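Residue strings, one per chain:
Protein chains: 2
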Amino acid sequence: MRRTSFENWPCSVARTTDLLGDWWTPLVLREAFYGTRRFEDFQSELGIARATLTERLRRLVELDIMERRPYQDQPLRHEYLLTEKGEDFFGVLMAIVAWGDRWLADAAGPPVLFEHRPCGRHTHAQVVCDSCGRPLHPSDVRPRFGPGYPADRAALPRAQQRYNGP
Amino acid sequence: MRRTSFENWPCSVARTTDLLGDWWTPLVLREAFYGTRRFEDFQSELGIARATLTERLRRLVELDIMERRPYQDQPLRHEYLLTEKGEDFFGVLMAIVAWGDRWLADAAGPPVLFEHRPCGRHTHAQVVCDSCGRPLHPSDVRPRFGPGYPADRAALPRAQQRYNGP
Numbered sequence: 001m002r003r004t005s006f007e008n009w010p011c012s013v014a015r016t017t018d019l020l021g022d023w024w025t026p027l028v029l030r031e032a033f034y035g036t037r038r039f040e041d042f043q044s045e046l047g048i049a050r051a052t053l054t055e056r057l058r059r060l061v062e063l064d065i066m067e068r069r070p071y072q073d074q075p076l077r078h079e080y081l082l083t084e085k086g087e088d089f090f091g092v093l094m095a096i097v098a099w100g101d102r103w104l105a106d107a108a109g110p111p112v113l114f115e116h117r118p119c120g121r122h123t124h125a126q127v128v129c130d131s132c133g134r135p136l137h138p139s140d141v142r143p144r145f146g147p148g149y150p151a152d153r154a155a156l157p158r159a160q161q162r163y164n165g166p
Numbered sequence: 001m002r003r004t005s006f007e008n009w010p011c012s013v014a015r016t017t018d019l020l021g022d023w024w025t026p027l028v029l030r031e032a033f034y035g036t037r038r039f040e041d042f043q044s045e046l047g048i049a050r051a052t053l054t055e056r057l058r059r060l061v062e063l064d065i066m067e068r069r070p071y072q073d074q075p076l077r078h079e080y081l082l083t084e085k086g087e088d089f090f091g092v093l094m095a096i097v098a099w100g101d102r103w104l105a106d107a108a109g110p111p112v113l114f115e116h117r118p119c120g121r122h123t124h125a126q127v128v129c130d131s132c133g134r135p136l137h138p139s140d141v142r143p144r145f146g147p148g149y150p151a152d153r154a155a156l157p158r159a160q161q162r163y164n165g166p
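Residue numbers (my numbering), protein chains in the order written: chain A, 1 to 166; chain B, 1 to 166.
These aren't lab readings, by the way, just hints derived from the structure by calculation. It should be emphasised that the depicted structure is a prediction, and the values quoted were computed from it without experimental measurement. Certain hints may be false.
Computed footprint of chain B on chain A; a stretch qualifies when at least three of its residues, placed anywhere within it, have a C-beta under 8 Å from a C-beta of chain B [stated by the list, open to error]:
1. 99-110
2. 118-124
3. 136-145
Glycine included, every Cβ here is placed at the ideal spot set by N, Cα and C.
Take these sequences, add in the hints, and give me the full structure.
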């Protein structure tokens with residue numbers, strides 16, 4: 001059964017979640033960031049069913065988030081690498097890690113720490129405004145119509161209230 | 001069919017994705033950040049099946065991400081509000097929005113823009129190191145054993161290689 005598709009919603013949360021497809025996908029991406037490249041290694045690290053992994057990797061390649069590249073000729077074997085679009089997803093995963101560390105860690109503390117080479121400290125992701133550098137808080141942020149918002153939907157009263165309000 | 005549970009994996013990506021349960025959940029949270037509080041409004045804004053919405057809200061309350069609170073007596077009616085843990089998820093959603101805007105927007109541009117009141121500019125989330133303020137790039141970040149990593153698994157060669165390597 002195909003679930004509801006969010007692909008065409010005028011919302012980047014909806015589009016991104018649609019694209020990811022299911023929760024295995026962020027974990028496949030996590031593995032890729034850890035340096036995993038080969039099908040067998042993704043499979044054994046995640047304990048994911050082979051058919052599911054095949055489908056997720058296929059979709060990530062189709063979406064240009066990962067690239068499938070031969071690394072051996074006889075027999076022919078492929079590995080999976082993050083593209084630029086895939087590499088750029090790192091921030092989302094690190095924001096998830098920071099939230100999970102704050103709210104879901106055991107009493108013992110977070111399972112994994114991340115050393116940030118440029119400063120040599122254990123880093124925790126912080127999500128900030130790219131203009132002023134301050135952390136983004138919900139009460140400080142107001143949604144507005146963007147250039148890609150569909151004109152027919154923009155006229156609806158509830159869209160006006162949401163994106164054109166005070 | 002219950003899918004694989006990631007709840008006990010020593011990884012905050014896995015734990016967070018397990019907790020969210022499915023892709024409707026980020027969209028329910030998006031609505032909550034837009035100020036939606038009532039069941040009927042979540043339902044009509046998202047076009048989600050009532051049974052699915054009931055289940056997602058129940059789970060968000062159970063996990064202390066949302067709080068269910070009476071707002072009317074006769075008849076008794078409840079609304080759903082973000083808790084502190086829920087409010088703190090805002091950064092993750094804004095990081096998703098920024099990535100989606102960069103990679104999934106139409107030629108017209110992003111569907112929605114976000115005005116940041118403190119600086120008055122359209123903001124795009126940036127994920128930075130909380131120690132040095134620099135944007136987090138995958139090649140700069142190295143995973144290490146955290147205090148909550150299970151001791152029995154830490155001894156495995158592949159865990160040593162991943163979290164204790166150069």
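Status of each hint after checking the structure:
Coverage of the stretch 99-110 of chain A by chain B holds. Counting CB-CB distances below 8 Å, 11 residues qualify, and the rule asks for three or more. A stretch counts as covered by a chain when three or more of its residues have a beta carbon under 8 Å from one of that chain; for the stretch 118-124 of chain A and chain B the count is 6, and the coverage holds. As drawn, the stretch 136-145 of chain A meets chain B at 9 residues by the rule of a beta-carbon pair under 8 Å; at three or more, the given contact holds.
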